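Student: Listed in order, the protein sequences are those of chains A and B.
To get the working numbering, take the position in the first sequence, counting from 1, and add 3.
To get the working numbering, take the position in the second sequence, counting from 1, and add 3.
Bear in mind the hints are in silico, worked out from the structure with no lab data behind them.
One or more of the hints may lead you astray.
Which residues of chain B face chain A? A few of them, derived with a C-beta cut under 8 Å, are [claimed, not checked]: (1) 246; (2) 253; (3) 275.
From a predicted model like this one, the values you see are computed outputs, not experimental measurements.
Glycine residues also receive a C-beta, built at the ideal position from the N, C-alpha and C atoms.
Protein chains: 2
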Amino acid sequence: MLNGGGFTVLSVDVMGGDKAPESPIHGVKLALKNDPSLRFILHGSEEAAELAAQEGLTEAKGVIFCHASDVVTGDEKPSYALRNGRKSSMWLAISSVSDGRAQAVVSGGNTGAYMAISRLLLKSLPGVDRPAIVSTFPTQYGACVMLDLGANIVCDADNLVQFAVIGDAFARATLKIPSPRVALLNVGSEEVKGSDVVKAAAHELREGKTGLNFIGYIEGDGIADGQADVIVTDGFTGNVAVKTTEGTGKICIRYTREAFGSGPIAMLLGLLAKPYLSRVFKRLDPRLYNGAMLAGLGGIAVKSHGGSDAVAFANALAVAASLARNDVNGNIIGLLRGQESR
Amino acid sequence: MLNGGGFTVLSVDVMGGDKAPESPIHGVKLALKNDPSLRFILHGSEEAAELAAQEGLTEAKGVIFCHASDVVTGDEKPSYALRNGRKSSMWLAISSVSDGRAQAVVSGGNTGAYMAISRLLLKSLPGVDRPAIVSTFPTQYGACVMLDLGANIVCDADNLVQFAVIGDAFARATLKIPSPRVALLNVGSEEVKGSDVVKAAAHELREGKTGLNFIGYIEGDGIADGQADVIVTDGFTGNVAVKTTEGTGKICIRYTREAFGSGPIAMLLGLLAKPYLSRVFKRLDPRLYNGAMLAGLGGIAVKSHGGSDAVAFANALAVAASLARNDVNGNIIGLLRGQESR
């Protein structure tokens with residue numbers, strides 16, 4: 004039933020994340036409402052199956068529930084999950100993609116375990132040594148792409164160069180930019196700045212044969228400023244940058260709410276200005292950027308933020324559907340091949 | 004003249020930063036207006052001296068100008084500046100502190116050179132291996148302290164532990180917090196997350212004899228959330244986090260301006276709501292957090308952001324004056340001694 008009629012089939016680990024299974028299940032319900040051409044294979048506990056049924060997520064609605072007797076916890080080591088996680092909702096959700104039953108998998112669970120199991124079941128794409136987590140990111144002009152966001156905590160120069168290639172392909176596929184400006188995140192724009200790893204990667208991107216549109220270094224404040232389309236960094240720095248941005252966006256919203264709650268006149272003006280303030284809040288809402296791809300794998304795996312609510316989870320599902328429909332992996336493979344043959 | 008009567012004397016490198024000497028000189032003028040108990044020794048070129056004179060910054064106003072024939076440029080290697088920078092405005096500005104003529108120095112110039120020359124002239128405090136750049140940072144409840152913000156691009160676990168001690172002392176001195184909550188910046192809050200360096204530092208802070216109020220790991224979004232008072236990280240990650248926050252704050256302001264400029268009704272409401280919007284913009288304004296300390300040195304050296312305008316530079320001068328008046332180095336020494344004897 005699920006594969007016919009132009010449907011996009013998503014496999015979902017409903018047990019991953021801080022608010023599981025509630026947020027994933029409510030997220031699936033919301034995504035289905037937003038996009039009736041989606042179909043789902045959910046993986047989770049019996050309690051989760053009951054919740055899904057209560058929420059009307061039944062086969063008649065295009066949702067199949069598969070029982071998983073185990074869960075990968077947030078503090079589990081990836082190596083442990085690899086050895087012992089075969090019956091977990093995460094493992095089974097990923098295997099729905101390696102089996103060909105679903106076109107993409109989404110989980111909000113343990114990132115390290117998700118990457119490790121995905122590498123095992125989906126394999127790396129030809130030419131990719133280290134898959135990376137990549138996501139779009141708001142800028143003043145629209146969006147950019149940043150990677151790695153946490154899969155590779157310590158990176159060497161070759162890793163960064165390969166991330167640049169993957170990020171370039173991802174940006175072409177998702178942002179529809181013909182020649183993305185690729186930059187390395189650094190602590191200064193001058194050539195002498197930064198670690199040896201960053202300097203060596205810059206040298207290779209400038210002098211080597213990647214053929215990318217490498218524009219040099221970018222500093223943290225250049226990201227939101229829209230100075231580059233693809234921002235390349237190690238997984239530690241990228242993860243901190245993304246989460247710091249989220250945190251700052253949240254206090255912007257909080258400061259605004261406080262200012263317009265500071266007295267009767269302020270509250271009246273806040274009420275009148277609500278449509279405009281909502282527009283600002285919406286642009287700052289990190290939930291609408293939720294959904295990062297584990298890029299460089301032979302199947303589409305999307306990571307939802309561990310703290311996601313239903314709106315955020317639904318956004319990650321929409322990202323997964325869009326990546327599947329745009330054949331992002333075909334794009335990445337093509338570009339990696341093209342760059343190899345240069 | 005400068006040392007009498009309870010004045011605080013600041014030495015300023017007016018040639019450092021992208022908008023030098025204009026921004027530093029206008030910043031000095033603004034700082035003097037805000038705080039008439041300040042006195043200044045300015046170091047710069049003859050053109051800068053002329054500009055200062057034009058702006059009325061004369062001896063009668065408590066400003067002495069010292070001519071420097073050289074400038075440390077932004078892309079100069081620290082080692083080059085150390086060998087060849089003896090006649091630079093930066094070197095001479097720092098020596099005004101090592102000479103005892105000024106209580107603190109402020110520069111917006113090349114950070115690496117500033118740290119290298121400061122280490123040579125001011126020496127490290129007893130017990131400090133690697134001085135770090137530390138600054139306050141806005142949170143939803145007030146402020147926190149973060150370090151290192153760019154002095155030490157690659158750090159080992161011992162460096163991070165020592166930053167924690169310096170940050171603790173800095174927070175006690177500047178935020179007036181009796182037992183600051185110290186946290187390590189990481190990519191997850193679980194024990195298994197992060198690099199080996201971060202894990203080893205966490206082990207030492209938990210099990211060792213620092214006696215700090217160590218609360219564990221914090222993620223990027225926990226900074227603005229106010230989850231810790233002292234946030235410890237390496238100079239690469241800290242620099243990116245600070246600049247990313249600045250960039251996000253700027254697009255918050257831009258989004259708000261765009262929303263309230265989107266039509267006649269929006270503009271009218273924006274005009275009426277201006278006092279409240281200004282309050283939000285002010286809280287987000289990175290210029291008001293400008294002024295980071297090169298902490299762990301035997302004299303107070305404050306770094307102003309390279310892109311500072313006059314308002315931002317004046318804030319860095321106010322930070323330097325406050326650090327001098329609160330004897331922050333006495334606090335750091337005392338705490339390092341106390342922690343050694345534990």
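Student: Now tell me, hint by hint, if it's right for this structure.
Tutor: Hint-by-hint comparison with the structure:
1. Among the interface hints, the one on residue 246 of chain B holds; its C-beta lies about 3 Å from the nearest C-beta in chain A, closer than the 8 Å criterion.
2. Given the 8 Å rule on beta carbons, the hint for residue 253 of chain B holds: about 6 Å separates it from the nearest Cβ of chain A.
3. About 6 Å separates the beta-carbon of residue 275 of chain B from the nearest beta-carbon of chain A, less than 8 Å, and the hint is met.
Checked against the numbered hints given earlier, this structure breaks none of them.
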